[in-house]
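*Asks:* Each protein sequence line maps, in turn, to chains A and B.
Mapping of the first sequence onto our numbering: residues 1 to 272, in sequence order.
Mapping of the second sequence onto our numbering: residues 1 to 74, in sequence order.
There's no promise every hint is true.
Calculated pairs, DSS-like style, for lysine-lysine (alpha carbon to alpha carbon, straight line, at most 25 Å) [said to hold, decoys possible]: (1) Lys209(A) <-> Lys6(B); (2) Lys34(B) <-> Lys208(A); (3) Lys244(A) <-> Lys208(A); (4) Lys218(A) <-> Lys34(B); (5) Lys28(B) <-> Lys6(B); (6) Lys209(A) <-> Lys28(B); (7) Lys209(A) <-> Lys244(A); (8) Lys6(B) <-> Lys34(B); (9) Lys34(B) <-> Lys209(A); (10) Lys6(B) <-> Lys218(A); (11) Lys208(A) <-> Lys218(A); (12) Lys28(B) <-> Lys2(B); (13) Lys34(B) <-> Lys2(B); (14) Lys208(A) <-> Lys6(B); (15) Lys208(A) <-> Lys28(B).
The set of hints was computed from the structure by calculation and includes no laboratory data.
Values in this document were obtained by computation on a predicted structure and should not be read as measured data.
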Amino acid sequence: MDALRIFLHERATDGLVSWHDQQQAGERFNRPVAEVEETILQAGLLPARYQRNQQMISTEQQLRLFRSTVAVIGAGGLGGYILEQLARLGVGRIISIDDDIFEENNLNRQLLSSPKNLGRVKVEVAAERIGEVNPAVTLTPIRALLGRDNGAELLSGVDCVIDAVDNVPARLELEELCESLQLPLVHGAIAGWYGHVATILPGEGTLKKIYRHWQGGKGVEAQLGNPSFTPALAASFQVGEVCKLLLEQGRPLRNRQLIFNLLDMEIDEITF
Amino acid sequence: MKITVKLFATFRAGRFDIETRDYPTGTKVGQVVKQLDLPTEKLGILMINSRHVDLERRLEDGDTLAIFPLVGGG
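Next comes chain A alone, as it looks inside the complex (with noise of 0.2 Å):
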């Protein structure tokens, strides 16, 4: 055993590691506090921090959400709760993938925008509150529209991608994507009071066919705009369906669309 999980062993408590003792690791033996936190996790200890996950995620499934890789399409309404829970959760790298700065009509629900931050790169602000909230793992920003053009090269070494863009051409556009590199697709998309998630795996086509009537522009989003807490529920409904997708767990919204109303407080299952 080498002198890092020795370390490591000596300082758990009831197979926990602590954040102090991650950092430190980390400056003794010269090593990132990431590549500290895979070393602890494939000793079979635990980042302390991941305690309240144990009972329903074993060591191995955190190691594994660890060496995974989520891309995030859009770091607004939707973006900014999935990037701080997919950090939360440990997913090891996440790459936040959007064009846009923040403006002062996004803070009544984007999470990641505040009063200091308008004007600022969206991605860029995802890239310093992931490093505040979890250091051990690694957001990759980039300021960009993802398209066809690029796609290929941006979602490389993806092993799950999440919709959280803002309009119906750029999901379209994505699916297609996500098909033709294999990659499964986890779509979620909000108006007013209402929303709807589905989760899609190449060949299915979920979302052309949930889209099959648009003829161009927006969805009643354009006259509802969008409040606080609808983002917030689409966005974990959405990182649900990704901890299942990489842990290969339960049963993901496949060939279905879940659709919520919160002003009559009513959820209907659409199947395809």
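Following the hints, position chain B against chain A.
*Replies:* Using the frame of chain A, we list chain B on its own:
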């Protein structure tokens, strides 16, 4: 013929949640949409008896037609 129409989300405002209504034989989905003054550019899912359909589909007596608006924000 009797058609049960179910509206969802914003389409309920000023209309109804669910109603069984009389339509002439051969009525198409698109005619129901037009009569209810629903904006076709905001149409999401359209289903008859839980099966996905287009505006050109003809309804039959006893059908249930569900109409959802398009939701695409993020």
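*Asks:* Which of the numbered hints above does this structure break?
*Replies:* No numbers; nothing is violated.
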